[in-house]
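Residues in the sequence shown are numbered from 871 upward in steps of one, following the working numbering.
Be a bit skeptical, because a hint or two may be false.
[Claimed, not checked] Only pairs whose alpha carbons sit at most 20 Å apart, straight line, appear in this in silico EDC-like list of lysine to aspartate or glutamate:
(1) K987 / E904
(2) K877 / D953
(3) K877 / D907
(4) K987 / E951
(5) K987 / D907
(6) K988 / D953
(7) K988 / D901
(8) K987 / D901
(9) K988 / D907
(10) K877 / E967
(11) K877 / E986
[Stated by the list, open to error] Pair ranges (Cβ atoms, derived):
(12) Y911 / R873: 16 to 26 Å
(13) G943 / E994: 33 to 43 Å
(14) R969 / Y892: 39 to 49 Å
(15) Y909 / L996: 21 to 31 Å
(16) S923 / P997: 30 to 40 Å
In case anyone wonders, no lab produced these hints; they're calculated from the structure. Built from N, CA and C at the ideal position, the CB exists for glycine as well.
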Amino acid sequence: MLRTMCKGKIHRATVTEANLNYIGSITIDQDLLEAADIYPYEMVQVVNVTNGSRLETYTIPGERGSGVICLNGAAARLNSEGDIVIIMNYGQFTDEEIRSLVPHIVFVDENNCIVEKKEVPLNEMLPGFRAEAHPETEVLYS
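With the hints as extra help, turn the sequences into a complete structure.
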């Protein structure tokens, strides 16, 4: 059996542009993509904290260091400049693969500059692991 797991996340990014006339996708600063382990043209889910909308699209790398988060095409109808979004990608893994999965969580400031990166080893949260919970992990998933 395969389980669908979050493998990367850009947390609370600010939409810098919404371009209805572009052919689709989300343009994301390449530094943010790499930090979150998200590939160009990989499918992502975009959750809009400001208005509650959710959508799936694919990524296009934007200029490094630009902080660009641009929703293109139809997605521009659900997101506006200044909205706060969470961008996540997923993968399908066997139970054995999940034991070595380490999702990459990227925290950004209001200019979409990276302020913190966390790697979350799932092995320590899975059934059968016998250790105390890590406070930093509880914050990420509470």
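Checklist entry - If you check the beta carbons of Y911 and R873, does the distance land in 16 to 26 Å? => result Taking Cβ atoms as reference, Y911 and R873 lie about 23 Å apart, which means the hint holds.
Next on the checklist: Run the distance test for K988 versus D953: straight-line Cα separation, threshold 20 Å.
Outcome noted: Violated, because 23 Å separates the two Cα atoms, which is more than 20 Å.
Checklist entry - Between K877 and E986, is the straight-line Cα distance small enough, at 20 Å or below? => result 17 Å, holds
Next on the checklist: With the threshold set at 20 Å, check whether the alpha-carbon distance from K988 to D907 stays at or below it.
Outcome noted: 12 Å, holds
Next on the checklist: K987 and E951 were given as a pair; does the straight-line alpha-carbon distance stay at or below 20 Å?
Outcome noted: 24 Å, violated
Item to check | C-beta pair R969, Y892: status relative to the range 39 to 49 Å that was hinted | outcome: Given about 40 Å between the Cβ atoms, the range holds.
Checklist entry - Within 20 Å, alpha carbon to alpha carbon, are K987 and D907? => result Holds, at roughly 11 Å.
Next on the checklist: 33 to 43 Å was suggested as the range; check whether the CB atoms of G943 and E994 agree with it.
Outcome noted: 40 Å, holds
Checklist entry - Keeping to a limit of 20 Å between CA atoms, is the pair of K877 and D953 held or broken? => result It is violated: about 23 Å lies between the C-alpha atoms, which goes past 20 Å.
Item to check | Holds or violated: K987 to D901, with C-alpha atoms at most 20 Å apart | outcome: 12 Å, holds
Item to check | Whether the CB-CB distance between Y909 and L996 falls inside 21 to 31 Å | outcome: 26 Å, holds
Item to check | K988 paired with D901 [C-alpha distance capped at 20 Å] | outcome: 15 Å, holds
Checked against the numbered hints above, the structure breaks hints 2, 4 and 6 and satisfies the rest.
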